[in-house]
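**Student:** Could you build all of it, start to finish, from the sequences and the hints given here?
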Amino acid sequence: MAQVSSVAEGKTTKSVTLRIARYNPKHDSKKQFMEFNLQYERWTTVLEAILDVKKHFDHSVAVRYSCRQATCGSCGMIINGKPRLACFTKISELESDVVTVEPMNNFPIIRDLAVKFERLFDTHHKIKPYLIRDDSEITSNEKEFLQSPEELENYIQFANCIKCGLCNSACPTMATDSSFIGPQALAQAYRYVADSRDKGKDSRLKIIDDSHGIWRCHFAGSCSQVCPKGVDPAMGIQFLRGYMLGFRS
Amino acid sequence: MEPKDENKEGIGGMINPRRYGIERVAYILMRLSGLGLLAYFIGHIYETSSILKGEVGWAEFLELTQTNEGHAVLAIVIGMCVFHTVNGIRVMLGHGGVGVGRPARPDYPYLPASQNSRHKMGIYSAIVLAAIAMLYGLAVMYGE
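Taken in order, these protein sequences are the chains called A and B.
Letter by letter, the first sequence follows residues 4 to 252 in the working numbering.
Letter by letter, the second sequence follows residues 5 to 148 in the working numbering.
These are calculated hints, taken from the structure and not from any lab test.
Just to be clear, a hint being listed does not mean it is correct.
[Unchecked claim] Restraint ranges, calculated between C-beta atoms of paired labels, are given here:
id, chain 1, residue 1, chain 2, residue 2, range
1, A, G84, B, S54, 46 to 56 Å
2, A, G84, B, I93, 26 to 36 Å
3, A, D125, B, I15, 16 to 26 Å
4, B, R109, A, S63, 52 to 62 Å
[As the list claims (entries may be wrong)] Sample of chain A residues with no beta-carbon within 10 Å of chain B, all distances over it, derived:
id, residue
5, Q42
6, L54
7, S63
8, A65
9, R71
10, K93
11, H127
12, P132
13, I159
14, R200
15, S206
16, K209
17, S214
18, C230
Computed from a predicted model, the values in this text were never measured in an experiment.
Note that CB positions come from ideal geometry on N, CA and C, so glycine has one too.
**Tutor:** Have a look at this one:
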């Protein structure tokens, strides 16, 4: 365990201990935590603190990030016990002198804070995340598929998904079932089933009507509580189940 | 792929009640009460099968339920039964899309509509009703 003090320049208001999980599955048997004492401002995000560590103390810390504005969904991690986006979480809002960052649960670890997304992308692709129709906007005489504002409201919330994986990390079923399709893919299945332009409802419902599909969701709602974009996967999954049970058409 | 490589939270993470509010607590209580009722059901079959040993055997087994420990177990069974029933109705309604809100463009801070006050009230009601039923059951068992 290492302990390092900040030498960062600039005006600061408070200090925090950042604990970063270090783990390389190729040669480590378990996670180790490195501690860094940092200065931070009211607006400093956890991602900025991690990048500060990489710049000044230890450049070998592995972390995935890109946009820094909660759009790309790359920097999901466990921050003080809960799945959050590091770029969307200010240290000041955690109200703690110690911030612990770990890789997301239920995702295989590449190294340190970076995890593999293959399975999430596979399940996302499995539910056919595109409009299914016999005709095309390119060749249709109408040129585009018309949709009323009310029809748009049925699914636009679920189109905000950035595939960050926080919902899958919080899900209690994902914690034990390696084959569960997961709240991210199920919410995206609803997004397309509820789209008035789509004609692929039956094929999607058939995909999720599986012993490791929608029936393994027990409405714990943790997925919705951690979603950084307000997608509310739990709502979508219950509506999707309504289609399967015949409450919706 | 080895389970260790999957970095799964496992059962310990699944039953951790501290991070995701009352909905996750209800989820855990639902699992525990379901398993508890299943165990009681098996025990109940074993208990009633003692009648095959005749009246004496049946009476001997019934005496087990007349102790303080027996009363405590039955009170817990009553609590599990009431909570599982009431919360089960809430969950079934939710599964049908009842009371989970309507899709809408989300606004910051993105409070999920599916975790609304109606469902929270349903969970608290299930817990309170289970507690009342347990107290009533204990009062009946102790003859007061």
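**Student:** Checked against the structure, which of the hints given earlier come out wrong?
**Tutor:** 4, 13 and 18
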